[in-house]
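Visitor: Kindly generate the complete structure, drawing on both the sequences and the hints.
2 protein chains.
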Amino acid sequence: MNTPYCFPIDGRDSLGALVGQVRTEIVRRLEAELAAQGVGLRFTQFLVLKRLAVSGSMSATELARAIDLDGGAMTRLLDQLETKGYLRRQPHEQDRRALRIELTEAGEALWKHMHESNVATLECAQRDLNQEERDRLHDYLERVLNALRN
Amino acid sequence: MNTPYCFPIDGRDSLGALVGQVRTEIVRRLEAELAAQGVGLRFTQFLVLKRLAVSGSMSATELARAIDLDGGAMTRLLDQLETKGYLRRQPHEQDRRALRIELTEAGEALWKHMHESNVATLECAQRDLNQEERDRLHDYLERVLNALRN
DNA sequence: GCAATATAGTTGTCAAGGCAAATAACCCAA
DNA sequence: TTGGGTTATTTGCCTTGACAACTATATTGC
Chain G
26 MNTPYCFPID
36 GRDSLGALVG
46 QVRTEIVRRL
56 EAELAAQGVG
66 LRFTQFLVLK
76 RLAVSGSMSA
86 TELARAIDLD
96 GGAMTRLLDQ
106 LETKGYLRRQ
116 PHEQDRRALR
126 IELTEAGEAL
136 WKHMHESNVA
146 TLECAQRDLN
156 QEERDRLHDY
166 LERVLNALRN
Chain W
26 MNTPYCFPID
36 GRDSLGALVG
46 QVRTEIVRRL
56 EAELAAQGVG
66 LRFTQFLVLK
76 RLAVSGSMSA
86 TELARAIDLD
96 GGAMTRLLDQ
106 LETKGYLRRQ
116 PHEQDRRALR
126 IELTEAGEAL
136 WKHMHESNVA
146 TLECAQRDLN
156 QEERDRLHDY
166 LERVLNALRN
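The listed protein sequences correspond, in order, to chains G and W.
One gets our numbering by counting positions in the first sequence from 1 and adding 25 to each.
One gets our numbering by counting positions in the second sequence from 1 and adding 25 to each.
Honestly, the hints are just simulated from the structure, not real lab data.
Be aware that a few hints might be false.
Identical chains share a label here; the pair holds if one copy fits it or two copies do between them.
As the list claims (entries may be wrong) - The list that follows gives simulated cross-link-like pairs (lysine to any residue, SDA-like), each with its CA atoms no further than 20 Å apart:
no., residue 1, residue 2
1, Lys109, Ala172
2, Lys137, Ala42
3, Lys75, Leu40
4, Lys137, Asp38
5, Lys75, Asp38
6, Lys109, Arg121
7, Lys137, Glu87
8, Lys75, Arg152
9, Lys109, Asn175
10, Lys137, Asp93
11, Lys137, Arg101
12, Lys137, Ser39
13, Lys137, Leu170
14, Lys137, Gln119
15, Lys75, Ala42
16, Lys137, Glu167
Guide: The structure is reproduced here in structure tokens:
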């Protein structure tokens, strides 16, 4: 019997589409949480401030790699956040090409404020997963990421 | 003893950043696979053709919702894929406002060709996960997605 | 030391996609 | 049936981010 067009369709979304949707929803939710707190920041801006708050000052390139963003986009993102007064470009001690991006007092204070939104969003996302499942999800995602990056 | 600036840092990337990076890498890998096959399509274009091939003809809005894309972006995406000859806009039988987007023969043929790239990419991504882990990863992601969407 | 190469940051350009407005058509209730 | 609200598609406008070119500085090989 001839069965044309018989692909192994699993009805499920493929991993690419699924992680894309999860990311979109996390971004949406976090930006909404921030807006509810009166903080008008986009997800990427949030990531920059978070990284600086968590890991401390670093160069623009290190920052760009840390949040997986293009260097050109980083320049303009730093412009925005510097204008808003949340960070400063300082000269790098060892490398005259590079910068040392550091949070201002206002940036530190903002992060303390945004931290709640961050926790709330992550908690909401993982609401239906127990601790063991959360750990496994994280583990699986990191293994997938490593596999993709070889 | 005073411990200023002691945030509960877990060293790990938060879920939002992690899924974002996974998605970026999957997109990158799939587009590279497609390019290696001589197919010059972007990830989103691929998603549209895949959805049509898997689920059959549907309206532009259904398509947009299925791949989580803005309606305006969908219009322009359909323009591109129609110009390339992979799909057709047909009038909708029941609803004169709507369209019935259907694959052309060329579109069907292209999907058969691209299917391999899709499988290869997913296999690469999940290379280090056994079947049980793959199922769990999928399950967790869908639960996270449902939690985020309420 | 010096030439060749690599890296940091900036800028211009472009495509993708989100949002809002406009138009057309549908649907429901009075 | 008709008026109000909703939905489908299209278009304009705008922001984000990728890529490439450029300058300045660092590093490496000889």
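Visitor: Of the hints given before, which are not true for this structure?
Guide: Those not satisfied are hints 1, 6, 7, 8, 9, 10, 11, 13, 14, 16.
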